[in-house]
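Chains as they are written, first to last, in my numbering: chain L, 1 to 115; chain P, 1 to 108.
In case anyone wonders, no lab produced these hints; they're calculated from the structure. As the structure is a computational prediction, the values presented were derived from the model and not from experiment. Just so you know, not all the hints are guaranteed correct.
[Claimed, not checked] Covered stretches of chain P, going by a simulated chain L footprint (3 or more residues, C-beta under 8 Å):
#1 14-24
#2 63-69
[Stated by the list, open to error] Subject to a maximum C-alpha distance of 20 Å in a straight line, what follows is the list of computed EDC-like cross-link-like pairs (lysine to aspartate or glutamate):
#3 L:Lys38 <-> P:Glu70
#4 P:Lys69 <-> P:Asp2
#5 P:Lys63 <-> P:Asp94
#6 L:Lys53 <-> P:Asp94
#7 L:Lys36 <-> P:Glu45
#8 P:Lys95 <-> L:Glu84
#9 L:Lys36 <-> L:Glu67
[Said to hold, decoys possible] Per the computed footprint, the stretches of chain L lying under chain P, defined by three or more beta-carbons under 8 Å from a beta-carbon of chain P, are:
#10 45-56
#11 68-78
All residues carry an ideal CB built from backbone N, CA and C; glycine is no exception.
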Amino acid sequence: DTEVTQTPKHLVMGMTNKKSLKCEQHMGHRAMYWYKQKAKKPPELMFVYSYEKLSINESVPSRFSPECPNSSLLNLHLHALQPEDSALYLCASSQRPFLGTDTQYFGPGTRLTVL
Amino acid sequence: EDQVTQSPEALRLQEGESSSLNCSYTVSGLRGLFWYRQDPGKGPEFLFTLYSAGEEKEKERLKATLTKKESFLHITAPKPEDSATYLCAVGDTDKLIFGTGTRLQVFP
């Protein structure tokens, strides 16, 4: 089983709202990722967690706040977003921290619209 | 700088018309090359991982091959359900470097 689940599937929020995206995997993977994908573009890496510790932050604005409560869960807290933050947000996981070789498995994504 | 280029950008095929998608890369040291399929509005679905030149992997109508400078995704006798965007990515030290994808449309 290589399933990564994400909730919600769709989210519409105003610029003053606070919301959270949730990602879950039960494959025993020790690395988890957040990506942002705009239409007709490839996914862009935002954050990487390895063994529940933040290992990579790709200079993401502070209005995005990741959290890894345990090895199976990954959250992305959203606050004061801008309309240009509207995108498909993808979660992924890999068995080990990514050193270029481990396959990353993606979830179905959350379609975020910021009004 | 590591770079991944996919061609063509878009491809229209008649059902049953076989073809190949190309992924060329320039990286300092290839660790892994990954193929994904992505349907509109959904997350990428893993297809293949290749690690060394000469390696080949197959799954149903798809076959992925790898040389020292590029990878090909061969689609044999495609069906309309094969329509999707196919993404190639190369494993760098700590992240995936994606190409911009090939949008494939297969018509009955």
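>> Taking the earlier hints as the rules, which of them does this structure contradict?
In response: Of the numbered hints given earlier, those the structure breaks are 1, 2, 3, 5, 8, 11, listed in rising order.
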